[in-house]
Amino acid sequence: MSWRGVRVVSCAVLLGTMPSGGLNASVEEAYSFAMEAAEPHLKAGFNIRGESWDGQIKPGKRKIIKHQLFRGNEYWFWLGTSAAGAKLSLKIYDRKGRPVHVETVVGEYWVATRVLAPRTGTYLVVVGGGEGDAEVDWSLAYGYR
Amino acid sequence: MCYPTGSRRAGPLAGAVAALCLSAPVGVAGEAAPDGPLDLADFPGEYIDEVIVPVPGEILAILEKLGESGWKSEIRKPARVSLRGRVDYALALGIAVADGFIAVQAQDKAAVESAGRRVLQYAEALGLRQSVTRHCQAILDAGDAGDWAGVRRELDRTEKTAREAMARMDDWALATSVSLGGWVRGTEVASSVISKAFTADKAELLNQPDLVKHFSNSIGKMDEKVRENPKMVAVATALGSMVSLMGGEDEPVPSDAVVEMNEICRGVVATILGTAEPAGGGGGGR
Numbered sequence: 154m155s156w157r158g159v160r161v162v163s164c165a166v167l168l169g170t171m172p173s174g175g176l177n178a179s180v181e182e183a184y185s186f187a188m189e190a191a192e193p194h195l196k197a198g199f200n201i202r203g204e205s206w207d208g209q210i211k212p213g214k215r216k217i218i219k220h221q222l223f224r225g226n227e228y229w230f231w232l233g234t235s236a237a238g239a240k241l242s243l244k245i246y247d248r249k250g251r252p253v254h255v256e257t258v259v260g261e262y263w264v265a266t267r268v269l270a271p272r273t274g275t276y277l278v279v280v281g282g283g284e285g286d287a288e289v290d291w292s293l294a295y296g297y298r
Numbered sequence: 040m041c042y043p044t045g046s047r048r049a050g051p052l053a054g055a056v057a058a059l060c061l062s063a064p065v066g067v068a069g070e071a072a073p074d075g076p077l078d079l080a081d082f083p084g085e086y087i088d089e090v091i092v093p094v095p096g097e098i099l100a101i102l103e104k105l106g107e108s109g110w111k112s113e114i115r116k117p118a119r120v121s122l123r124g125r126v127d128y129a130l131a132l133g134i135a136v137a138d139g140f141i142a143v144q145a146q147d148k149a150a151v152e153s154a155g156r157r158v159l160q161y162a163e164a165l166g167l168r169q170s171v172t173r174h175c176q177a178i179l180d181a182g183d184a185g186d187w188a189g190v191r192r193e194l195d196r197t198e199k200t201a202r203e204a205m206a207r208m209d210d211w212a213l214a215t216s217v218s219l220g221g222w223v224r225g226t227e228v229a230s231s232v233i234s235k236a237f238t239a240d241k242a243e244l245l246n247q248p249d250l251v252k253h254f255s256n257s258i259g260k261m262d263e264k265v266r267e268n269p270k271m272v273a274v275a276t277a278l279g280s281m282v283s284l285m286g287g288e289d290e291p292v293p294s295d296a297v298v299e300m301n302e303i304c305r306g307v308v309a310t311i312l313g314t315a316e317p318a319g320g321g322g323g324g325r
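Protein chains in written order, with the working numbering: chain C, 154 to 298; chain H, 40 to 325.
Hints listed in this document are in silico derivations from the structure and should not be mistaken for laboratory results.
For lysine-lysine, the following DSSO-like pairs were computed, each having C-alpha atoms within a straight-line distance of at most 30 Å:
(1) C:Lys249 - C:Lys211
(2) C:Lys249 - H:Lys260
(3) H:Lys252 - C:Lys249
(4) C:Lys196 - H:Lys111
(5) C:Lys196 - H:Lys148
(6) H:Lys252 - C:Lys219
So that you can see chain C by itself, here it is in the shape it has in the complex (with noise of 0.2 Å):
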């Protein structure tokens, strides 16, 4: 195993989360990618879900995912992918379109996104492919305070 594969499958293991069985590795990479984006706001006290989102995105292409938010809670999104520099976007919108994420942090393998809902409802997660031509790995988790 890598160095980098050793770092961030040590990093799910900490934080106790990682896929189970029936993943492919490289969105079991992704998934660790995501973790170690989220580390450092767990330890900040941040309730991390046990559920996310995986899947593959081609470069340019979005994928668009519809979650309910509550007004008073701070979330963080956590986007990790295995390909390196992929440079993914996470970006959430309220349902009429208008950016509600407040802060981004972008590392190598992953980028984070902190929001502050505005209201209680809907909202529009959405994931952007980045440069390059192949198609890439990539997964979503998120937490709460």
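Chain C is already provided as a structure; the job is to place chain H on it using the hints.
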């Protein structure tokens, strides 16, 4: 393509590998969101069907921030339940998990233990004992230690593990039933707490029409045998009433609607657990 993932507990290596995790890439902290509005009428993208249902803890945490503290009175008293089939047990499993979140809010160790044991009992009835035992033990251990964050985490994982196990058996209706049971019980408690000291801010938390429509659609797609289970009929009827009480996405939920939502949810929980007659009446379990 999108699919759910599972979870594993932290192993004995967790402490030893902590230092490795500290070598995470350094991010660009504090980057302001530079984006303008999204034109939804001209926005090509693939919608992902999978809806992740909020756990009760997500709402209850906000109510706590707003000063609510009377959680002990929301803990369900032990009662003889009547469950007759897999749908009944799946719905009850969701309720038991929600009861665990309520017990955490109340910081009541005995209630956490009670919820944990019921989770295990219902999971066993569903043939999921092997999948969830480790989570249930972790719930009991964390509750005993007063590690409330740990209990929350394990409750979430329990529900996820159970739903995944059902999905692996191609029984998404049962997996949805777990979410339904948890959502109804969580909404019962949230609406109870809000109705006792109503404010529009608190009531806004109950404005979840899209989630209710998602549940209604899911029930509509279930196998006829499941859909016509009297308890599922009661849930579906309740959802229909709830969505009209919630009003529109941007409309406030009035106080009388909160009271009514509470009565509806309380009735459905009683129906699911068999402490009340199902509205649909008669019939056996699946």
